[in-house]
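K.L.:
Below, each chain spelled out in residue letters.
Number of protein chains: 4
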Amino acid sequence: MKAVIYKDAFRVAVEEVPDPRIEDPRDVIIKITTTNICGSDLHMYEGRTNVEQGKILGHENMGIVEETGRAVENFKQGDRVSVPFNVACGTCRNCTHGWTSFCLRTNPTEGVDGGAYGYASMGPYSGGQADYLRVPYADFNLLKLPPGTEHERDFTMLSDIFPTAYFGTDLAGVGPGDTVVVYGAGPVGLLAVHSAYLRGADRVFSVDFHPDRLRIAKEFGGIPVSMANGDPAEQVLDATGGMGADCGVEAVGYQAHEPSGEERPEIVMDWLVRSVRTTGRLGVVGVYMPQDPGAATEGAKDGRIGFDFGRLFQKGQSLGTGQCPVKRFNEQLRDLIIAGRATPSKIVSHELALTEAPAAYEKFDRRADGYTKVLLHPAA
Amino acid sequence: MKAVIYKDAFRVAVEEVPDPRIEDPRDVIIKITTTNICGSDLHMYEGRTNVEQGKILGHENMGIVEETGRAVENFKQGDRVSVPFNVACGTCRNCTHGWTSFCLRTNPTEGVDGGAYGYASMGPYSGGQADYLRVPYADFNLLKLPPGTEHERDFTMLSDIFPTAYFGTDLAGVGPGDTVVVYGAGPVGLLAVHSAYLRGADRVFSVDFHPDRLRIAKEFGGIPVSMANGDPAEQVLDATGGMGADCGVEAVGYQAHEPSGEERPEIVMDWLVRSVRTTGRLGVVGVYMPQDPGAATEGAKDGRIGFDFGRLFQKGQSLGTGQCPVKRFNEQLRDLIIAGRATPSKIVSHELALTEAPAAYEKFDRRADGYTKVLLHPAA
Amino acid sequence: MKAVIYKDAFRVAVEEVPDPRIEDPRDVIIKITTTNICGSDLHMYEGRTNVEQGKILGHENMGIVEETGRAVENFKQGDRVSVPFNVACGTCRNCTHGWTSFCLRTNPTEGVDGGAYGYASMGPYSGGQADYLRVPYADFNLLKLPPGTEHERDFTMLSDIFPTAYFGTDLAGVGPGDTVVVYGAGPVGLLAVHSAYLRGADRVFSVDFHPDRLRIAKEFGGIPVSMANGDPAEQVLDATGGMGADCGVEAVGYQAHEPSGEERPEIVMDWLVRSVRTTGRLGVVGVYMPQDPGAATEGAKDGRIGFDFGRLFQKGQSLGTGQCPVKRFNEQLRDLIIAGRATPSKIVSHELALTEAPAAYEKFDRRADGYTKVLLHPAA
Amino acid sequence: MKAVIYKDAFRVAVEEVPDPRIEDPRDVIIKITTTNICGSDLHMYEGRTNVEQGKILGHENMGIVEETGRAVENFKQGDRVSVPFNVACGTCRNCTHGWTSFCLRTNPTEGVDGGAYGYASMGPYSGGQADYLRVPYADFNLLKLPPGTEHERDFTMLSDIFPTAYFGTDLAGVGPGDTVVVYGAGPVGLLAVHSAYLRGADRVFSVDFHPDRLRIAKEFGGIPVSMANGDPAEQVLDATGGMGADCGVEAVGYQAHEPSGEERPEIVMDWLVRSVRTTGRLGVVGVYMPQDPGAATEGAKDGRIGFDFGRLFQKGQSLGTGQCPVKRFNEQLRDLIIAGRATPSKIVSHELALTEAPAAYEKFDRRADGYTKVLLHPAA
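Chains as they are written, first to last, in this note's numbering: chain A, 23 to 402; chain B, 23 to 402; chain C, 23 to 402; chain D, 23 to 402.
Rather than coming from a laboratory, the hints here were simulated on the basis of the structure. For each residue, glycine too, the CB sits at the ideal point set by N, CA and C. Be careful, since some hints might not be right.
Computed Cβ-Cβ distance ranges for the label pairs, DEER-style [as the list claims (entries may be wrong)]:
{"#": "1", "chain 1": "A", "residue 1": "98", "chain 2": "C", "residue 2": "283", "range": "37 to 43 Å"}
{"#": "2", "chain 1": "B", "residue 1": "256", "chain 2": "D", "residue 2": "388", "range": "56 to 62 Å"}
{"#": "3", "chain 1": "B", "residue 1": "146", "chain 2": "C", "residue 2": "172", "range": "26 to 32 Å"}
{"#": "4", "chain 1": "C", "residue 1": "320", "chain 2": "D", "residue 2": "133", "range": "29 to 35 Å"}
{"#": "5", "chain 1": "D", "residue 1": "256", "chain 2": "B", "residue 2": "120", "range": "32 to 38 Å"}
{"#": "6", "chain 1": "B", "residue 1": "115", "chain 2": "A", "residue 2": "253", "range": "51 to 57 Å"}
In silico contact screen, one side only, chain A against chain B (beta carbon under 7 Å); selected entries [stated by the list, open to error]:
{"#": "7", "residue": "71"}
{"#": "8", "residue": "72"}
{"#": "9", "residue": "73"}
{"#": "10", "residue": "75"}
{"#": "11", "residue": "76"}
{"#": "12", "residue": "97"}
{"#": "13", "residue": "99"}
{"#": "14", "residue": "310"}
{"#": "15", "residue": "326"}
{"#": "16", "residue": "328"}
{"#": "17", "residue": "332"}
{"#": "18", "residue": "338"}
{"#": "19", "residue": "342"}
{"#": "20", "residue": "344"}
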């Protein structure tokens, strides 16, 4: 089959590789219909991880069941499914407590819990930017979708970024009537705006400095706050009578930087703490890493983010973090899509054939030509 | 009346001052029976705050109702009461949501929510290390106690440190069957050990390097972990099969230091993150401050605590912080004392007359003569 | 002033009565701008309660602060406010735990907790179908509204039925993506449909047999289920593939009856249990009473509702009940109205002068002329 | 192998039957070391169910792994395990939401969710009162225990009644400092007393009329309330200053009767509602059934329990019900046993060989000779 292969820093290729096959009676093989390029794929693309050469990339996958192992009973050939990016066993303590993103069994990497497809340090699982994908523990992991092709562009967001964004609002405790601030208007930040409204928020501020992203935020009902107009925390405080938002979401991560381009890993957390009220909750889904050799400061190389923890304490705030346990949220989000109440596809900028992946990576990495969210269709 | 007055760095005095009087129809005047010296009083004593000269100290107060304002209906002269350290209005949004420690009305200090008695930057409220104390919004703030003198040494912990310690275990989500680690075995840390067991914990590690504190921890059922025996996070990991504790409490604060004495404001948070399992919760009740001119590092002077936030994210941990809303917990803790199930008085080291306060401050600040927790009795 | 007075069964009158005055320093006097007739007012109107002759009716009140007691600090003359129907002290254990509907202090009736304005057995509080209203514990009870007259028809729902409806969905645990069934499409049932969508429901079934009510339900996005088309539980099961709704709301109460008119106090609970899935939650805000002399069965006269509790157990369902603690929800609902996301005024059928109250009671009781929800404007 | 077989009303026998074998790659075969007789086994014994002749009884099982299917990876031969009474698939919506007692896949009975071993209408699963037991979906269902024989009498309570009792306190929301009332001092009621204290209750009333049961309740710290001394609700109200308990547990079920012996299916629910305070929560783990042909009243035959629902509403109480999802609680309870903090074995009255089962059933059914809780050891 064809697959997108990691070759080297700034180089991926579409190559012929062996088809995946059933390796365990609980496996399923999926024929991929849509697979997305994720912002986090660019970390590997840019050579900032230890991903091995030859790895098949892609953790945002959906498709049709092609073949099932003998111990699989919930799915059969022809079923349309979404594949959560987490590879989870379903029976360890974290999985049975709803934390499939921290499965204790699927990642052999020392000190790291939780597996994923096609990703550095997340276990030996090939990605889905390919014709076919092997899914372990399929009865537990797969999410059934209605047959056909309807909502394909929305459903493809269920494997990662829509649940991840929603998780941010869940960690932040967003509820009906809340005023919310979301930092970052990339795909996850935009869907966090969408998610906050789905949970009943009355006002959601979307902070970024790209005018085109803020324009999409507005389509989701977000109130744009541009860093180009000054300190975003001040802007949020002004718009809330000095009180601050009730809760906030961090959807930027450790590569945060000033509008000028200077990397300032603590700047978003500082803004977040300042712009959320006393006792407010913060949901951090922008990624922070314990090791980042390319970081701007000595501390940040070791995961040390010197944000204003003193102020967070003085304000009595709480925060939640981590990779999203997709399975906790994808069923309800699927139902909201089917009911026409959620439309995450608004963020899609490009739909391409799998063979166009190398060019797409290159342009997406440069943020060229409006590349925001790219879907690949292997069969196209 | 007599009262303990802040004079200057390292100097307090017992002086005659005017009696407090009813200033608002919702006030009550309390005749103090017991008032404690708190570790946080030492911040003022050491001259590290901007507390004004002449301030009456003392925020851990209990006593007998002496006089009531005309709009007070829940209490009458002679009632025995505990006074939460928070001065709370009972009607602002934070108070009505259970966050009396972040009352929006009682603290005129710019940018700080929440009032307290006898404390720097917490509003114009005199403390209770005195014969009498004025309590605003008394119907809302006071907690009724059984008449008499029984449990006096236990009840006096209800105004601050027992609820604060319990709050730490609440923020950490401690529940039946959990394994817990508590950093710091000062009064709050010790009562956090006690609280964790009251909530059903099966094992509670108590980390400190003072053998005498670890001995008291053991009386509460705690498993002592001494920093003298090496990295405490490693010790906890070893004792839990490499998994880490289910949740953890930080009861040290920004003045954390190595056993050697070197101040390392991030060291306890680092240990905490490492010694708690993936997805675990952290309750931070050790105090961190947005401004600390005497801090060891430039960042820490501005409240920046460069702990390993990358690892916290990678482990999917969450954390809660802040001053304790005493009223949320003091009723149930009172009932557990009455039922004989809670005995926080185990930490009391000294009971003195009010006039002995200057000497007590001096010795407590030096940790001399086993000074752990000092109770003052004005009437004695 | 003028006020609506209870005279006798099926008779109310508008009469001159003495103006209310400040009786306690914590009181406020409100000049009423809008006061609604509630379905529960009809219980008194029909002579089925022990309400005393001469009682001023009306517990759904809003208006402008006219005068404040000397211990009132949060409100001043001219403030526009909503008055929750609960009279609550703000300092008893139930109030401080968020249960203002079960205040331990404001109702002298033996065995009943919780006070209300203008209602049988709910304490000595005059109602607000009048020019003026006295509000006890005003700092705690009143909700501030933006000045002016905007949203008057929406804000007037904040005193009772919008929070009550929302409480039903809260007790039922309605969350994003849930399928919900609401029994009863009177004012509370209709706003429960609205509330369920505000909380993120994907589908909400609205069950009734009045076509005009089901038409309004549809305006709120509800899926109408008419009893005229057969057993409503069967219809819901059919529409959910036999699974049942995820959760349900009971907004009918003890006077439930068959479409034929036969009173069957257990019939709605039976339908509810059958049409909600295993492990689902039920929010019961339709009123049930421990004594109902006019009930159809011997058991029901003593509050005994013989519904299928065996099936509820077998399905592992849970349920919550009771009068709504308005204060828990009215602030967030106000904010959703201001943001334009909630429009409870859709249910208003009539706006009348206070003097028209007697005719309005008579017609509303007969459900004549489309009387669904009547607003009275004393100043009009 | 030998097994306890249901023959007919009031007749069980120990007979030779075929050994169970691996039927699915996810199965495990357990060699039973301890299996208990449950009060609910007596429903079948007394002929009040439709259980088929020849069924192997027994749903409270523990033992040693004897053989594993090829898709089993978490367990291996020789592992000591507890078997939750629920047969759960681990991948349906109820299982993944923590409701293993309502598995949507394991029970073919129309309209009933949730499977169990050796029980009427709970699916085709043989029981464990036998030498061996087949366990489906073993990776998901089994709980690992420390090797050896220590705590055998405590661990054997983990398969059903200890988690069931704990579930009652969980549904009732028992927390630190709460006053609790538990109706029924059979095995589940007694362990509910134990569980309430493990969760931090300060006082737990245990209501029954058997002096020997109340004596065991006292060993767990319970405060005995004997129906022989009059209306138990009055006694609880008297002991709580008229307020009532904070929350309550129903551990009796549909066969409730007066001390005189007259069956009154609603009497316990009535007492419970009366003796718990306004806004309190009720956990109902005593079994109620939608069909009970042998019931005392016409309504009760159809599951209709005419308790005072009007009063429950007026008090704003909530309640939870249902079969216990054992897996949600058994791990933490196991850890509390290991730590020496939980000792459910106090309720054991007899330990017998499997061959003594017929006599044990007969005596247990008559409550003869102090039969409270009987353990059977097949290997003995």
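K.L.:
Confirm or reject each hint.
P.N.:
Evaluated hints:
1. 98(A) to 283(C): 37 to 43 Å: Cβ of residue 98(A) to Cβ of residue 283(C): about 51 Å, so the range 37 to 43 Å is violated.
2. 256(B) to 388(D): 56 to 62 Å: Holds - the Cβ-Cβ distance for residue 256(B) and residue 388(D), about 59 Å, lies within 56 to 62 Å.
3. 146(B) to 172(C): 26 to 32 Å: violated (39 Å)
4. 320(C) to 133(D): 29 to 35 Å: holds (31 Å)
5. 256(D) to 120(B): 32 to 38 Å: Cβ of residue 256(D) to Cβ of residue 120(B): about 34 Å, so the range 32 to 38 Å holds.
6. 115(B) to 253(A): 51 to 57 Å: With a Cβ separation near 25 Å, residue 115(B) and residue 253(A) fall outside 51 to 57 Å, so the hint is violated.
7. 71: violated (14 Å)
8. 72: Violated - the Cβ of residue 72(A) stays beyond 7 Å from chain B, reaching only about 15 Å at its closest.
9. 73: violated (17 Å)
10. 75: Violated, because the Cβ-Cβ distance from residue 75(A) to chain B comes to roughly 24 Å (cut-off 7 Å).
11. 76: violated (25 Å)
12. 97: Given a least distance of 28 Å, the restraint on residue 97(A) is violated.
13. 99: Result: violated, 35 Å to nearest chain B Cβ.
14. 310: Holds, because the Cβ-Cβ distance from residue 310(A) to chain B comes to roughly 4 Å (cut-off 7 Å).
15. 326: Cβ of residue 326(A) sits 4 Å from chain B, so the hint holds.
16. 328: Result: holds, 4 Å to nearest chain B Cβ.
17. 332: holds (2 Å)
18. 338: holds (3 Å)
19. 342: holds (4 Å)
20. 344: holds (3 Å)
Hints 1, 3, 6, 7, 8, 9, 10, 11, 12 and 13 from the earlier list are contradicted by this structure; the remaining hints agree with it.
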